[in-house]
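Asks: All chains should be modelled from the sequences, with the hints used to inform the complete structure.
Numbering (the numbering used here), first residue to last: 1462 to 1541.
Be aware that a few hints might be false.
[To be verified] Below 27 Å or equal to it, Euclidean Cα-Cα: the simulated BS3-like pairs (lysine-lysine) are:
hint: 1; residue 1: Lys1525; residue 2: Lys1472
hint: 2; residue 1: Lys1463; residue 2: Lys1492
hint: 3; residue 1: Lys1471; residue 2: Lys1498
hint: 4; residue 1: Lys1471; residue 2: Lys1501
hint: 5; residue 1: Lys1525; residue 2: Lys1498
hint: 6; residue 1: Lys1463; residue 2: Lys1525
hint: 7; residue 1: Lys1463; residue 2: Lys1501
hint: 8; residue 1: Lys1492; residue 2: Lys1525
hint: 9; residue 1: Lys1498; residue 2: Lys1480
hint: 10; residue 1: Lys1517; residue 2: Lys1472
hint: 11; residue 1: Lys1463; residue 2: Lys1498
hint: 12; residue 1: Lys1501; residue 2: Lys1480
hint: 13; residue 1: Lys1480; residue 2: Lys1492
hint: 14; residue 1: Lys1492; residue 2: Lys1471
hint: 15; residue 1: Lys1517; residue 2: Lys1501
hint: 16; residue 1: Lys1525; residue 2: Lys1501
hint: 17; residue 1: Lys1492; residue 2: Lys1472
hint: 18; residue 1: Lys1517; residue 2: Lys1480
hint: 19; residue 1: Lys1517; residue 2: Lys1463
hint: 20; residue 1: Lys1498; residue 2: Lys1472
These are calculated hints, taken from the structure and not from any lab test.
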Amino acid sequence: MKVNVYVTLKKGVLDPQGKAVAGALVELGFKGLRGLKIGKFMELDLDVQTAQDARKLAEEMCRKLLANTVIEDFRVEVEG
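Replies: So, in structure tokens, the structure goes:
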């Protein structure tokens, strides 16, 4: 079963990489950028029977390794 995982910084956590990329976009002449945050995207292929099992397993993976839950939030989407 395919699962998409999105990891983003929590609100209020400084994002130096996002700030640097935003600054570079402005330097390149892009206008109207009000903010930019950098996150992570992971695509998992899990050998489970149900969408509920896939979500549960992916969320456990996020809590234990894929996301630093002190400073990051995560969102899990099960395909199909």
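Asks: Checking one constraint from the list: CA of lysine 1463 to CA of lysine 1525, max 27 Å. Satisfied?
Replies: Roughly 19 Å separates the two Cα atoms, so the pair holds.
Asks: Within 27 Å, alpha carbon to alpha carbon, are lysine 1471 and lysine 1501?
Replies: holds (13 Å)
Asks: Given the hinted pair lysine 1517 and lysine 1472, is their alpha-carbon gap at most 27 Å?
Replies: holds (24 Å)
Asks: Next pair to validate is lysine 1492 with lysine 1472; report whether the Cα-Cα distance is within 27 Å.
Replies: The hint holds at about 24 Å.
Asks: Does the structure keep lysine 1525 and lysine 1472 at a Cα separation of 27 Å or less?
Replies: holds (21 Å)
Asks: Given the hinted pair lysine 1463 and lysine 1498, is their alpha-carbon gap at most 27 Å?
Replies: holds (25 Å)
Asks: Next pair to validate is lysine 1471 with lysine 1498; report whether the Cα-Cα distance is within 27 Å.
Replies: holds (10 Å)
Asks: Next pair to validate is lysine 1517 with lysine 1463; report whether the Cα-Cα distance is within 27 Å.
Replies: holds (13 Å)
Asks: Taken at face value, is the distance from the CA of lysine 1492 to the CA of lysine 1480 at most 27 Å?
Replies: Holds. Lysine 1480 to lysine 1492 sits at ~15 Å (cutoff 27 Å).
Asks: Would the hint linking lysine 1525 and lysine 1498 be met if the CA-CA limit is 27 Å?
Replies: holds (23 Å)
Asks: Take a quick look at whether lysine 1501 and lysine 1480 sit within 27 Å of each other, Cα to Cα.
Replies: holds (16 Å)
Asks: Given the hint that lysine 1517 pairs with lysine 1501, does the C-alpha gap stay at or below 27 Å?
Replies: holds (19 Å)
Of the hints listed earlier, those the structure fails to meet are numbers 2, 8 and 18, in rising order.
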